[in-house]
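Line by line, the protein sequences give chains A and B.
Once you know that position 109 of the first sequence is 109 in this note's numbering, the rest is easy, because the numbers rise by one and skip nothing.
Once you know that position 68 of the second sequence is 184 in this note's numbering, the rest is easy, because the numbers rise by one and skip nothing.
Hints listed in this document are in silico derivations from the structure and should not be mistaken for laboratory results.
Possibly wrong hints are sitting among the right ones.
[What the hints assert, rightly or not] Restraint ranges, calculated between C-beta atoms of paired labels, are given here:
| no. | chain 1 | residue 1 | chain 2 | residue 2 | range |
| --- | --- | --- | --- | --- | --- |
| 1 | A | 64 | B | 196 | 41 to 51 Å |
| 2 | A | 63 | B | 194 | 27 to 37 Å |
| 3 | A | 69 | B | 226 | 40 to 50 Å |
| 4 | A | 74 | B | 154 | 23 to 33 Å |
| 5 | A | 50 | B | 131 | 43 to 53 Å |
| 6 | A | 40 | B | 133 | 41 to 51 Å |
Note that the structure is predicted; figures quoted are calculated from it, not measured.
Note that CB positions come from ideal geometry on N, CA and C, so glycine has one too.
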Amino acid sequence: EPEVTQTPSHQVTQMGQEVILRCVPISNHLYFYWYRQILGQKVEFLVSFYNNEISEKSEIFDDQFSVERPDGSNFTLKIRSTKLEDSAMYFCASSDSGQGSNYGYTFGSGTRLTVV
Amino acid sequence: GEDVEQSLFLSVREGDSSVINCTYTDSSSTYLYWYKQEPGAGLQLLTYIFSNMDMKQDQRLTVLLNKKDKHLSLRIADTQTGDSAIYFCAENGGGSYIPTFGRGTSLIVHP
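Kindly generate the complete structure, drawing on both the sequences and the hints.
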């Protein structure tokens, strides 16, 4: 069964450093997403990406965040200058439809980011 | 904005039925989903229901939707230890089709 792959599984970084979280979506999917879950809290939407541009973003996705599809397979989330409150599990997801479907999204297993 | 609420924990005995409840606020939801997250894995779509349905059954899973009360439930019959996981309720709506998730219910199945 096709999978969404995320690397690394764990990342520890110092406050103020830049981090890049990497994702390989399912190859024939066209819509890509980043979500995060702070420990004990809800899974929160960050950004959606289609046709090489951001299609929607939440209030969380401020100027410190950026996304990129540098080649035909990877989808990355960059946090420019990490803060303690960025510590969370970050999930990448992809889907074949941008308008909601009975197939939902396929999620990766997440990258746990710890900012110290 | 849209909101989805779930209880945090549910503990059941193996062989019993589990019922995980969820409430949501967005009356324009098109699809409502249940996702399952096993330890160390991503969220996996378990089942879904379209907003014009009241019930959906899929083997041991039964989804009930009460649109009037904006209440969604997932019933797992004959719960097994392998069903132990975190279950997330999600709905899409508000015109954006981006699912809004709850914080997940940890289902603990004990012998």
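Cβ separation of residue 74 of chain A and residue 154 of chain B, checked against the hinted range 23 to 33 Å: Given a distance of about 25 Å, which is inside 23 to 33 Å, the answer is holds.
Do the beta carbons of residue 40 of chain A and residue 133 of chain B sit within 41 to 51 Å of each other? violated, 27 Å
Measuring from beta carbon to beta carbon, are residue 63 of chain A and residue 194 of chain B in 27 to 37 Å? 51 Å Cβ-Cβ, so the 27 to 37 Å window is violated.
Between the beta carbons of residue 50 of chain A and residue 131 of chain B, is the distance compatible with 43 to 53 Å? holds, 45 Å
With respect to the beta-carbon atoms only, verify the hint that residue 69 of chain A and residue 226 of chain B lie 40 to 50 Å apart. Once the Cβ atoms are compared, 45 Å apart, the range 40 to 50 Å for residue 226 of chain B and residue 69 of chain A holds.
Check the following: the C-beta atoms of residue 64 of chain A and residue 196 of chain B are separated by a distance inside 41 to 51 Å. At roughly 43 Å between Cβ atoms, residue 196 of chain B and residue 64 of chain A fall inside 41 to 51 Å, so the hint holds.
The structure shown violates the earlier hints numbered 2 and 6.
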